[in-house]
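Chemist: Here are the chains, one letter per residue:
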Amino acid sequence: MRSSPINEKYTEHLQRQCRRYSRPRDIWSKVERRAFGRDLGLNGYTSPAEAKDLAEFLGEPGLILDLGSGGGWPAKEIVTRSSRSVVAMDMVFSGLQKARSDVADTDYVNRFQFVLGDGQRLPFAPDTFGMVLHADVLC
Amino acid sequence: MLRPAGVFVGYTIHMNSSLSAEKLVRASDLGPTFVDGFEDPENLAKTAGFVDTTVKDVTPQFKQTCVGWIEAMQFFGQDLKAELNREDYEEEMKNKTDMLLGIEEGLLRRSLVVCRKD
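Listed in order, the protein sequences are those of chains C and B.
At position 107 of the first sequence the residue is numbered 107 (the numbering used here), and the sequence of numbers has no breaks.
With the second sequence counted from 1, adding 1000 to any position gets you the numbering used here.
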């Protein structure tokens, strides 16, 4: 099958994301502390203040879907600010592994579930979520 | 999958909708990989069937975050080049400086978009 420019762009994007999550953690932890004052495990542009703003819109009761969750930020911030549970979904396995490892020793580990999947083919039943959140996924 | 009255909320980087064709191309080049649509977030949400859409411009905060990343990456530049590889570091730095340029030229915006399922 011939690959189209869009497919090539998409593949390149996914490969870049995979590389990001496989980077040595120590040095990125220092970078994040310098840039944001905290080691957040973030991989984009949602600052701590913006994550807090997202938590103001919890929507209807029920699960929260973090679409394109990557390493689990800002969902971790929302979970710590509410009693809600999150389904973190991403198509990059190494991102989900990082998220899982980050929450493993927290007291909210049981409020996180992880799904490897594509946002264009969501594997969920209707009316499952009270809130769907995303951070720079639709761009 | 979203319940009725459920909330769809998130941040999105997009092009300034009032750009000339030439500037739209430049915005697409400077922005994230998939920033190439011309619709603004409010219209997109409406087209997708969402209601009660509010859009808050968070471009100043976006700029501040970009500057923070770039400054911190420059500060740890030697360590990053050693730990990653030079190409990876330079690609990451280029993505972020391009993004900052796009913001400063008024081409790229970031918005908090909140809408609800009818």
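If you're looking for bench data, these hints aren't it; they were derived computationally from the structure.
Here the structure is a predicted model, which is why all the values come from computation and not from measurement.
Some hints could be false.
Calculated pairs, EDC-like style, for lysine to aspartate or glutamate (alpha carbon to alpha carbon, straight line, at most 20 angstroms) [what the hints assert, rightly or not]:
#, chain 1, residue 1, chain 2, residue 2
1, B, K1094, C, E50
2, C, K30, B, D1079
3, B, K1056, C, D53
4, B, K1094, B, E1083
5, C, K30, B, E1083
6, B, K1081, C, D136
7, B, K1046, C, E32
8, B, K1096, C, D136
9, B, K1063, C, E12
10, B, K1063, B, E1087
11, C, K30, B, E1090
12, B, K1094, C, D53
13, C, K30, B, E1092
14, B, K1081, B, E1091
15, B, K1056, B, E1071
16, B, K1096, C, D53
17, B, K1056, C, E50
18, C, K30, B, E1071
19, B, K1081, B, E1071
20, B, K1096, B, D1029
21, B, K1063, B, E1092
22, B, K1096, C, E12
23, B, K1081, C, E32
24, B, K1094, C, E32
25, C, K30, B, D1088
26, B, K1063, B, D1118
27, B, K1063, C, E32
28, B, K1056, C, D136
29, B, K1063, C, E50
30, B, K1094, B, D1029
These stretches of chain C come out as covered by chain B in the derived footprint (C-beta under 8 angstroms, 3 or more residues) [said to hold, decoys possible]:
#, segment
31, 19–25
32, 77–88
33, 99–111
34, 121–131
Quick list of simulated restraints, FRET-style, between CB atoms [as the list claims (entries may be wrong)]:
#, chain 1, residue 1, chain 2, residue 2, range
35, C, D26, B, P1004, 17 to 27 angstroms
36, C, T106, B, E1071, 36 to 46 angstroms
37, C, A125, B, G1077, 47 to 57 angstroms
38, C, P123, B, M1093, 31 to 41 angstroms
39, C, D118, B, E1091, 42 to 52 angstroms
40, C, F124, B, V1051, 37 to 47 angstroms
No residue lacks a Cβ here, since even glycine has one placed at the ideal position from N, Cα and C.
Chemist: Taking the hints in turn, state whether each one holds.
Modeler: Verification of the supplied hints:
1. Distance hint between B/K1094 and C/E50 is unfulfilled; the C-alpha atoms sit about 24 angstroms from each other, more than 20 angstroms.
2. Distance check on the hinted pair: C/K30 and B/D1079 sit about 10 angstroms apart at the alpha-carbon level, within 20 angstroms; holds.
3. A C-alpha spacing of about 11 angstroms is found between B/K1056 and C/D53, which places the hinted pair at or below 20 angstroms, so the restraint holds.
4. Simply put, B/K1094 and B/E1083 have alpha-carbon atoms about 18 angstroms apart, close enough for the 20 angstroms limit, and the pair holds.
5. The straight-line distance between the Cα atoms of C/K30 and B/E1083 is roughly 13 angstroms, inside the 20 angstroms bound, and the hint therefore holds.
6. For the hint pairing B/K1081 with C/D136, the CA-to-CA distance comes to about 26 angstroms; that exceeds 20 angstroms, so the pair is violated.
7. For the hint linking B/K1046 to C/E32, the alpha-carbon distance of about 36 angstroms lies beyond 20 angstroms, and the restraint is violated.
8. Of the pairs offered as hints, the one joining B/K1096 and C/D136 holds, with about 14 angstroms between alpha carbons and a cut-off of 20 angstroms not exceeded.
9. In summary, the hint linking B/K1063 to C/E12 is not supported, as the alpha carbons are separated by about 25 angstroms, beyond the 20 angstroms threshold.
10. Taking the CA atoms of B/K1063 and B/E1087, the gap is near 24 angstroms; set against the 20 angstroms cutoff, the hint is violated.
11. A distance of roughly 18 angstroms separates the Cα atoms of C/K30 and B/E1090; the hinted pair therefore holds under the 20 angstroms criterion.
12. Pair hint B/K1094 plus C/D53 does not hold up; C-alpha atoms about 29 angstroms apart against a cutoff of 20 angstroms.
13. For the given pair, C/K30 sits about 16 angstroms from B/E1092 by alpha-carbon distance, which is consistent with the 20 angstroms threshold.
14. The hinted pair formed by B/K1081 and B/E1091 meets the criterion: a straight-line CA distance of about 11 angstroms does not exceed 20 angstroms.
15. Restraint check for B/K1056 and B/E1071: the C-alpha separation of about 26 angstroms exceeds 20 angstroms, so the hint is violated.
16. Simply put, B/K1096 and C/D53 have alpha-carbon atoms about 23 angstroms apart, too far for the 20 angstroms limit, and the pair is violated.
17. As the CA atoms of B/K1056 and C/E50 are separated by approximately 12 angstroms, the hinted pair is consistent with the 20 angstroms bound.
18. For the hint pairing C/K30 with B/E1071, the CA-to-CA distance comes to about 12 angstroms; that is within 20 angstroms, so the pair holds.
19. Annotation: proposed proximity of B/K1081 to B/E1071 holds, straight-line Cα distance about 15 angstroms (limit 20 angstroms).
20. For the hint pairing B/K1096 with B/D1029, the CA-to-CA distance comes to about 12 angstroms; that is within 20 angstroms, so the pair holds.
21. Between B/K1063 and B/E1092, the direct Cα distance comes to roughly 16 angstroms. Compliance with the 20 angstroms bound is thereby established for this hinted pair.
22. Using a Cα cut-off of 20 angstroms, the hinted pair B/K1096 and C/E12 holds, with the two alpha carbons roughly 17 angstroms apart.
23. Between B/K1081 and C/E32, the direct Cα distance comes to roughly 16 angstroms. Compliance with the 20 angstroms bound is thereby established for this hinted pair.
24. A threshold of 20 angstroms between alpha carbons decides the hint, and for B/K1094 with C/E32 the separation of about 18 angstroms falls inside it, so the pair holds.
25. Taken as a hint, the C/K30 and B/D1088 pair is honoured in the structure, with Cα atoms around 18 angstroms apart against an allowance of 20 angstroms.
26. A threshold of 20 angstroms between alpha carbons decides the hint, and for B/K1063 with B/D1118 the separation of about 34 angstroms lies outside it, so the pair is violated.
27. With a CA separation close to 16 angstroms, the supplied pair B/K1063 and C/E32 stays within the 20 angstroms bound.
28. Proximity of B/K1056 to C/D136 is assessed by CA-CA distance (about 14 angstroms); at most 20 angstroms being required, the pair is judged to hold.
29. A distance of roughly 13 angstroms separates the Cα atoms of B/K1063 and C/E50; the hinted pair therefore holds under the 20 angstroms criterion.
30. Proximity of B/K1094 to B/D1029 is assessed by CA-CA distance (about 12 angstroms); at most 20 angstroms being required, the pair is judged to hold.
31. Counting residues of the segment 19–25 of chain C whose C-beta sits closer than 8 angstroms to any C-beta of chain B gives 3, which meets the bar of three, so the coverage hint holds.
32. Using a Cβ-Cβ cut-off of 8 angstroms, 0 residues of the segment 77–88 of chain C lie near chain B, which falls short of the minimum of three, so the contact claim is violated.
33. Look at the segment 99–111 of chain C against chain B: 0 of its residues bring a Cβ nearer than 8 angstroms to a Cβ of that chain, fewer than three, so the hint is violated.
34. As drawn, the segment 121–131 of chain C meets chain B at 9 residues by the rule of a beta-carbon pair under 8 angstroms; at three or more, the given contact holds.
35. The beta-carbon spacing between C/D26 and B/P1004, approximately 46 angstroms, falls outside the hinted interval of 17 to 27 angstroms.
36. Checked against the given bound of 36 to 46 angstroms, the beta carbons of C/T106 and B/E1071, roughly 30 angstroms apart, lie outside it.
37. In this structure the hint that C/A125 and B/G1077 lie 47 to 57 angstroms apart at CB holds, the actual value being about 48 angstroms.
38. One distance hint, 31 to 41 angstroms for the beta-carbon pair C/P123 and B/M1093, holds here, with the actual separation near 36 angstroms.
39. C/D118 and B/E1091 have their C-beta atoms about 25 angstroms apart, which leaves the hinted 42 to 52 angstroms range violated.
40. Restraint check, C/F124 to B/V1051: a C-beta distance of roughly 21 angstroms breaks the suggested window 37 to 47 angstroms.
Hint violations for this structure: numbers 1, 6, 7, 9, 10, 12, 15, 16, 26, 32, 33, 35, 36, 39, 40, all remaining hints satisfied.
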